Amino acid sequence: MESHRRTANDVSAATGNLAGVPDPVSRLNGHRPAAMDGESFHAASQRILTTVNTVIDGKSDAAKLALTVLLAQGHLLLEDVPGVGKTLLAKTLARTIDCTVNRIQFTPDLLPSDVTGVSIYNQASRLFEFRPGAVFANIVIGDEINRASAKTQSALLECMEEHQVTVDGNSYRLDEPFMVVATQNPIEMEGTYPLPEAQRDRFMARISMGYPDKDAEIEMLETHQATSPLAKVAAVVTTADVAAMIASVQQVYVSQAVKEYTVSVGRATRESPLLRLGASPRSMLQLLRAAKATAALDGRDFVLPDDVLQVAEAVLAHRIILDRKAAGAGETPHSVLRGILSRLPVPHTPAEPARQPRSTGRSPAPVAGVGRNH
Amino acid sequence: MTMAPARTPGTGKQPASPAGTSAGRPRVGAFPWAMAASIAVAVCGAALSLNGVLRGWAWYWPVLTTVLVVSFTLAALRAVRAQPLLVTAGGFLSLGAILTLTFFRGSSLLGLIPTGATFTELQRLVRRASETVLAETAPVAPNVGIVMVICAVLGLAVILVDALAVPLGMPAATGVGLLAILVVPAMIKPQSVGFFGFTVAVAGYLMILACSQWFAPDARTQADSARNPGQVRRAALTGSAALAATLLVPLAIPGFDQGTFPQGSRLNPWGTSTGLNPMITLGNSLRTPDGSGRITYATNASVPLYLRSVTVDHFDGESWGPDDRNASRLPLGGRIDPGYAVLADEQLQQVTAIDTGTFTSPYLPVPYAPETVRGLDGRWTWDPATLSIKGTDVSSRRQEYVVTSSVPKLSAGLLAQSSSGVRDIPDDFTRVPGNVPEIVRTTAGTVAGSASSPYEKAMAIQRFLRSAEFTYSLQSPVQNGYDGNGLSVLADFLDQKSGYCIHYASAMAVMARLEGIPSRIAVGYAPGRLTGATVTVAGQGTLPEFEVDARDAHAWPELYFQGLGWVPFEPTPSRGVVPEYATDSSAPTAPGSLDNNDDLIPDATPAPAPVPSATPLPAPGTGGGSDDGLQLLPWLFGAGGVLGVALLAASPHLVRTAIRARRLRPRDPGDAVPLAWTEMLDLGTDYGVAPGSSETPRAYSTRLRGHLGEPGGMDEAAHRAAVALTAGFERHRFGPPPPSAGGQDADDGGRTGTGAKGGAASGQLAALELALRANATLPQRLRAAWLPPSVMGRLGRIIAAPFRAAGRALAVTAKAAARSWPVRSR
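Keeping their order, the protein sequence lines are chains A and B.
Going by our numbering, the residue at position 4 of the first sequence is 4; the numbering climbs one at a time, nothing skipped.
Going by our numbering, the residue at position 241 of the second sequence is 241; the numbering climbs one at a time, nothing skipped.
Read the hints as simulated data drawn from the structure, not as lab findings.
Keep in mind the model is a prediction, meaning the values are calculated, not measured.
Glycine included, every Cβ here is placed at the ideal spot set by N, Cα and C.
Among these hints, one or two may not hold up.
Listed next, with one range per pair, are the computed distances between beta-carbon atoms [as the list claims (entries may be wrong)]:
1. A/S60 to B/M792: 43 to 51 Å
2. A/E219 to B/E710: 23 to 31 Å
3. A/K325 to B/A173: 27 to 35 Å
4. A/S149 to B/A79: 42 to 50 Å
Counterexamples of contact, computed for chain A against chain B with all Cβ distances above 10 Å [claimed, not checked]:
5. V101
6. A150
7. R267
Covered by chain B, per the in silico footprint, the following chain A stretches (three or more residues, Cβ under 8 Å) [said to hold, decoys possible]:
8. 251 to 261
9. 297 to 304
10. 331 to 344
All chains, please: the whole structure from these sequences, using the hints.
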């Protein structure tokens, strides 16, 4: 859990440095690249999104969320029925960035060593050499991840969380940025092994692609007939650009009120009687990171509750587990989350302006008030 | 992203009910018993307020047993899970059984099963009850008929309330049943329902509501209650607030404390006394705070003129009323003949023109003894025995007529000569009722037993009643429970020695009969006041006009003297005028009565004196001296009221304006942004777009802008203003803190949230308000200007704060009670 701790420090360090150091842009520290300024950040993100949108028609929300996860240093799980463009989205996103991309087709007979790599005996040097597996790349596309056995799936665990691979006692660091984009079919489909909770929790967000609307579908038939649009995609940003963008996302300011709001979201899921398992502290951290990336993509240097709300469903829905009765009553994780979020009070009004800063804000505990849906 | 359609959160939640899920068949538990107890409390509480309609408390025990038996029969049937219809049927059966046991034990099988004789008995009791209802005045004596009817009605109320609360699942509607009980005392009792009964009834009602909430056998309502624990609290809060308001508001409104429901006869649209029995309404008429039912009359009589409506001559029974003698009545046409010879030397002829105004009664007020009546509308009849005039299809309302009447010029000497032997008088006027209380008999014997002639006896009785021992009081009969009339009331009166005209008149009449003098009670009006106006009567010239109203309602005894006819006396101290022949000018009397007479009979003036100053009623006592003050005061009050109403109406507007002015000129410039945002929220609230608690600033801003016109059109400025205000607030609220005063970094310039400076903010808000107003309907605009919801809501919260606190305390108690209840009873 070293990485976990490190990330936690990052968040607090970013905010702490901002408060203390007047000029964060000129700050350079060790291995971390300098943050991008607002304009080039905006330009780079626009380039990526435009490119992705030319390939995948009518899925700009999914594309934006995918980019959000990339910038928030998370991993993405694309879940939907076959044929709606999950793999295409993953490949397009990978292609727009000038980085190494590996693709693993998860099949039932895939072995863990295929993913992580294996030490083999070199007859010439008479030494065991480590042959890196498919996971050694900036972006790893895990296709149909739930078709592999749980053993192979869990081989991804270490790399996803700690960005390193340990084989035969040797640890090998993965390159930064590192992102796993996995696709899977809904677990009701044939021949699928559901992802264990621990593994699901490692993915920052789960996106359902959904079917494109009518116009987008017609356009897709038009443009995708002869050639794959993927062939024309060229990288629009470099790895360094992405690293700089990640750095600027880390510097996005999170106010006390938004932290309290985020915590109250988590507590509300844990206290909800409709849920057997609420959101974990790690998911809170990932929620906040995703919110920061959303704010940065929106051109802001601070997080709004709206940012949290915007990513909350994608970040939390695959982690919470419904109570049996609620599931029986036809609730879904999304509907439960929406209900919780629509009732959660937002740090709204400065009750008395004289009380700023509001160190003693609202109670994070959810209030069973009647909320207004947005 | 695809997502399941949004569902209302919580619909799928099925909290485990404590009694419901474990066993296959749901356990009934304590619910029926708790509900039965609640219903019993509510109905018995409502019945408490019937004290005052019925005299004393003896009637309460049968009521209590009936209510308890019926409600717990229902509970027991429900506890064994009988069919709902069967439960209600069982309720009816138990009601019939308990009524039979209580009232018809003799005529039924085993005391429980009614027989034919029971129904005969039932008819008798119902007739008796209806007689009581028609003829008697509250509080009535609790005779078996009326108690039986009340028990039956309350038992039916229990069944009704139970049916509404449990099988029909409308516990809130049970209030109708309780209200039906409470309406009776509200309409009948002068002091309305009464605090105690009302409070207990309301408490029972709230218990019914709470029971149906806590123990609801219906899964639907139970799920609601579990999801919404505030419901009980809200119910308790609302209930107690409403109870407090209903108890306190009448205290705050002047003049809302007396008379019958809702506030005395002032609101009675049918005139003053519609009852068939003027004796019943007499007390209420006397107690009206202002004179209603004003009658004016002009007369040439030289003695104070009593207007007589009717006489009461049957002294039997629980309550006295006039005997109409419908069989012997004659149509009013020619001359009215008193039916007896008057041997007096001189007859005084009187002409009186009467205008009854709004006085409404079947009986016509005329001076005694009428000879002709002219100018009446409708058909009227007169009774040869009593000379009372009654309309067959008309009432006395808005009648103008001229009466000629004649009275013999009486003197003490003439009366003293009248022999004791009485002839030509119907039996009605001489019969001594069988059940005269002992105290009346002994008093009559003590007072008048030694006198020899009828006149002396009469004078002795009048002297006794006018003595200082007796006090005139309109209230003490009410307070001591003998308001009304009848022989038992008379006994109470002689014991307490305090009452009003009806008591004095009946005492003298009954005692006169005991002493062998024919007597009857006349009901009508005491001599009135001069109005100062004059009326021209054909053939009589101009006559002075007098007025009487409800406060002058009066009763006095008439005694029959052989050869002289019916002679009125005046035993009531401080009321009316003692006739000259009945004054003790020679004999020594109590000083009080002498004083009265001196006041009451000014020798010089032929016309009756203005109302004596000794009357206990305040209104006649206020002479002409206070007229100026009276005239000025309403004006002052009116002006003050108008001013107050204007101020009150304007105050939300004024408060709103002041709040905005203060927000736009903050003392600390750092507060400008949040204040501008708060103002924007209030502005939205005023125009019906209140922020939701789970709505982010951005979402609210978007929603508010949805109420403006299209962006880019007329309201572009407003859209920009809203966006700028929102952005400014977001940066202030969620953005990084602005650099300290020495912040020198140029790159950081974008961070200092200066989007809405004071001046800019006021301009933005003005643009926003303009656009909001332009897009609002007229009512919305008016409300935003004069009753801005942002101010009214705050006001409401401040006012509701103490009630909320009380509600919380109640909720804690109620929860504790609810928790302990089922455990105890299982």
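- prompt: Is 42 to 50 Å a correct range for the gap between the Cβ atoms of A/S149 and B/A79?
  reply: 60 Å, violated
task: Using the beta carbons of A/S60 and B/M792, state whether their distance is inside 43 to 51 Å or not.
output: For A/S60 and B/M792 the Cβ distance comes to about 45 Å; the hint holds.
query: Regarding the assertion that A/R267 does not contact chain B, is the least Cβ-Cβ distance greater than 10 Å?
result: 15 Å, holds
field: Verdict on chain B covering the stretch 331 to 344 of chain A, criterion of 3 CB contacts below 8 Å
entry: With 12 residues closer than 8 Å to chain B, the stretch 331 to 344 of chain A meets the three-residue bar; holds.
field: Whether A/A150 stays farther than 10 Å from all C-beta atoms of chain B, as the label says
entry: 27 Å, holds
field: Within 8 Å of chain B (C-beta), three or more residues of the stretch 251 to 261 of chain A
entry: holds (count 4)
task: Count the residues of the stretch 297 to 304 of chain A whose CB lies closer than 8 Å to any CB of chain B, then report whether that count reaches three.
output: holds (count 4)
Check on A/V101 being off the interface with chain B, judged by Cβ distance over 10 Å: Non-interface label on A/V101 holds, nearest chain B Cβ at 24 Å vs cutoff 10 Å.
- prompt: When you take the CB atoms of A/E219 and B/E710, is the distance between them in 23 to 31 Å?
  reply: 28 Å, holds
- prompt: Holds or violated: 27 to 35 Å for the Cβ distance of A/K325 and B/A173?
  reply: Cβ of A/K325 to Cβ of B/A173: about 33 Å, so the range 27 to 35 Å holds.
The structure fails hint 4 only (numbered hints given earlier).
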